[in-house]
Amino acid sequence: MKRIYAIEELCLNCRLCEVHCKTAHSLSKDVFKANKYEEPTPESRVTVYGNNFASAALNCRHCDDPKCVKACITGAMTKDKTTGIVYVNENKCIGCMTCLAVCPYGCIKQGKAAVKCDLCRNENEPACVKNCPNHALIYVDKGGEEK
Amino acid sequence: MKYIIIGASAAGLACAEQIRKEDKDGEITVLTKEKYLPYSRPSISSYLKGAVKENNMYLRKSSHYTSEGIHIVTGAQVKIIDRKSKTVKAGRKTYPYDKLCICTGSKPFVPPMKNVDGKENALTFLDLESAKRIKRLANPRTRAVVIGGGLIGMKAAEGLSKICKSVDVVELAPHILPSILDEKSAKTVKKHIETEGHIKFHLEQTVTEAKSSKNKIISLILKNGDEIACNLLLLAVGVRPETELAEKCGLEVSRGIITDPATMQTSDKSIYAAGDCTVSVDMLDGSKKIIALWPNAVNQGIAAGSQMAGGKITINKSFSVNAIDFYGLRICTCGLINVQGAKYSDKVICNGDRYKRLIFEGGRLAGYVLINSSENAGIYTNLIETGMDLSSLSGNLFDTPNPFLFVKPVRNKLLKGELDL
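The listed protein sequences derive, respectively, from chains A and B.
For reference, each letter of the first sequence is one residue, going 1 to 147 in our numbering.
For reference, each letter of the second sequence is one residue, going 1001 to 1421 in our numbering.
There could be a bad hint or two in this list.
Derived DSSO-like pairs: lysine-lysine, alpha-carbon spacing no greater than 27 angstroms straight-line [to be verified]:
id	chain 1	residue 1	chain 2	residue 2
1	A	Lys70	B	Lys1413
2	B	Lys1021	A	Lys109
3	A	Lys142	B	Lys1413
4	B	Lys1024	A	Lys81
5	B	Lys1289	A	Lys109
6	B	Lys1035	A	Lys70
7	B	Lys1035	A	Lys109
8	A	Lys70	B	Lys1162
9	B	Lys1162	A	Lys112
10	A	Lys70	B	Lys1289
11	B	Lys1021	A	Lys70
12	A	Lys109	B	Lys1408
13	B	Lys1002	A	Lys70
Not close to chain A: a few residues of chain B, all C-beta gaps over 12 angstroms, as computed [what the hints assert, rightly or not]:
id	residue
14	Glu1034
15	Lys1053
16	Asn1139
17	Glu1194
18	Asp1226
19	Ala1229
20	Gln1265
21	Ser1270
22	Asn1296
23	Asn1316
24	Gly1341
25	Glu1361
26	Gly1363
27	Glu1375
28	Glu1385
29	Lys1416
The following label-pair restraints were derived from C-beta to C-beta distances [stated by the list, open to error]:
id	chain 1	residue 1	chain 2	residue 2	range
30	B	Ala1051	A	Glu39	36 to 42 angstroms
31	A	Glu39	B	Lys1191	29 to 35 angstroms
32	B	Tyr1036	A	Asn122	31 to 37 angstroms
33	B	Met1001	A	Leu12	55 to 61 angstroms
34	A	Leu10	B	Ser1062	43 to 49 angstroms
35	A	Leu10	B	Ser1267	21 to 27 angstroms
36	A	Glu39	B	Glu1204	27 to 33 angstroms
37	B	Leu1390	A	Glu123	38 to 44 angstroms
38	B	Gly1363	A	Glu123	42 to 48 angstroms
FYI, nobody ran anything at the bench for these hints, they're computed from the structure.
All values reported here derive from a predicted model rather than from experimental measurement.
For glycine and all other residues, C-beta sits at the position ideal for the given N, C-alpha and C.
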């Protein structure tokens, strides 16, 4: 399946990926509203770590054998059999955050329900990748499980 | 091949699904004494407080079982495992098996108390049925008492506090949540729960006697002589592995069912066991203990299922990891947290309502207690699981863990996987 990978050497620490992730996961889908005053505040699923010398944007690896899915106590976290996307059913999630406690990459955020990357639900190109000004995020297929 | 699984919660379901992955044609039957399809047992406290609806508690859609060819029989209480004829009996039916997996989970442990047994408003809290009964009994006039300040008791108390007039918690230990918290952090959590939930605690106390009228409890007498009003009593002192079936058929059982720690095979080569009913070996200190936690049950179920179907998956890493919240206060714990001895050390960073305690064994991370500071806790969990040498890290371990905790080659692997760019 196609996944998002981050290239530290190309990251500017500009955090535009976060801005556009929030927009893509907002109600308004408007960059200004989503980042300024929309309620509830949309959460970015991608996070830039580091500083101006070295930084990188991290988001879900959509693992072949995801620990978060195995640890989920409600069946809310699933890996889609066709697309390979690991996503949360917000109606089923009770926000216990066991998934966060087992994700070795640190890619799940806490909220009323768990918050994580959904690859923009199989859009051609996720918003963070599309809007990265220096191609520090790429969306490629390195193989892996896909049915 | 005929597979029978007894129990349909975390371990049982994981076992059935793993068998199907590795054996496309085998006949898989899951017997559950409950009348529901597999559901999220830990969610019953959310159900009690009304945060989740019953139809969202089911772990899979019912069509999933049809498409996977997993036959789930509800209301099937297994009475006997007959190892000679390789059959199990549930009700009037007999089910033959080639491979059997026991995933019977836990049963509530109820200490003897005078005049409590059999009272209609004294209940345990372990399954959806009991949650429904409690929900029917609890109302804004109810004075509820929970005996037991552990995970189940405290989650029940939280749920009840949203419904009832008052909630009292009676706990034998000097602090609450003894299985996941140390003394200092337990104080912080207790204070939060008292403020947010108006729950009254009676620590280092036991109930000696109940006063009743017309088969209903009306008040409780504590060890110190105090009397507390009570018209709904929840017994949540603890759980024990449900090993009755295994014992009756002569399998090796200590506190829980004894299995091979890698394959989950019991002392009978055709029978496996997984989940809370088994004894686990904690990879962090080699001790044998009951790890009654969801992720452990799923991993064991997967290993058992794979082995039953002739596959290769084994389990070699059992350890505790738990995440829970009380009135918005998030608690996340992992590994060894109540250990003593010269080889262990720990360090605490406390900042307002944020509490972070890391426990070390030499140069490795052995456990953590995180309160309101569980961001990216899985990175810590991974350090514990892999036993990574902490001196190889480049960042500050007490900051929110992130890829920059690791030196560049390791970090690159996190960010780019196996890609060569």
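Original post:
CB of Gly1363 of chain B to CB of Glu123 of chain A, is that within 42 to 48 angstroms?
Top reply: Taking Cβ atoms as reference, Gly1363 of chain B and Glu123 of chain A lie about 45 angstroms apart, which means the hint holds.
**OP:** Take a look at whether the Cβ-Cβ distance between Met1001 of chain B and Leu12 of chain A falls inside 55 to 61 angstroms.
**Re:** holds, 57 angstroms
**OP:** Please confirm whether Gln1265 of chain B is truly not at the interface, meaning its C-beta sits more than 12 angstroms away from all C-beta atoms of chain A.
**Re:** Correct as stated: the minimum Cβ-Cβ distance to chain A is 21 angstroms, above 12 angstroms.
**OP:** Sort out whether Lys109 of chain A lies within 27 angstroms of Lys1021 of chain B, counting only the CA atoms.
**Re:** violated, 31 angstroms
Original post:
So does Glu39 of chain A sit 29 to 35 angstroms from Lys1191 of chain B, Cβ to Cβ?
Top reply: For Glu39 of chain A and Lys1191 of chain B the Cβ distance comes to about 31 angstroms; the hint holds.
Subject >> Given hint Lys1408 of chain B paired with Lys109 of chain A - CA-CA distance at most 27 angstroms >> reply: holds, 24 angstroms
**OP:** State, for the Cβ atoms of Leu10 of chain A and Ser1267 of chain B, whether the hinted interval 21 to 27 angstroms holds or is violated.
**Re:** violated, 58 angstroms
Original post:
Is it true that the CA of Lys1024 of chain B sits at most 27 angstroms from the CA of Lys81 of chain A?
Top reply: OK: Lys1024 of chain B and Lys81 of chain A at ~17 angstroms, within 27 angstroms.
Subject >> 12 angstroms cut-off, C-beta based - Asn1316 of chain B kept clear of every residue in chain A >> reply: Its Cβ never comes within 12 angstroms of chain A, the nearest being 15 angstroms, so this holds.
Subject >> Minimum Cβ distance from Ser1270 of chain B to chain A greater than 12 angstroms, as the annotation requires >> reply: holds, 26 angstroms
**OP:** Compare the distance between the alpha carbons of Lys1035 of chain B and Lys109 of chain A with 27 angstroms, and conclude whether the hinted pair is satisfied.
**Re:** violated, 35 angstroms
Original post:
For Glu1385 of chain B, is the shortest beta carbon distance to chain A beyond 12 angstroms?
Top reply: violated, 8 angstroms
Checked against the numbered hints given earlier, the structure breaks hints 2, 5, 7, 8, 15, 22, 27, 28, 29, 30, 35, 36 and satisfies all the rest.
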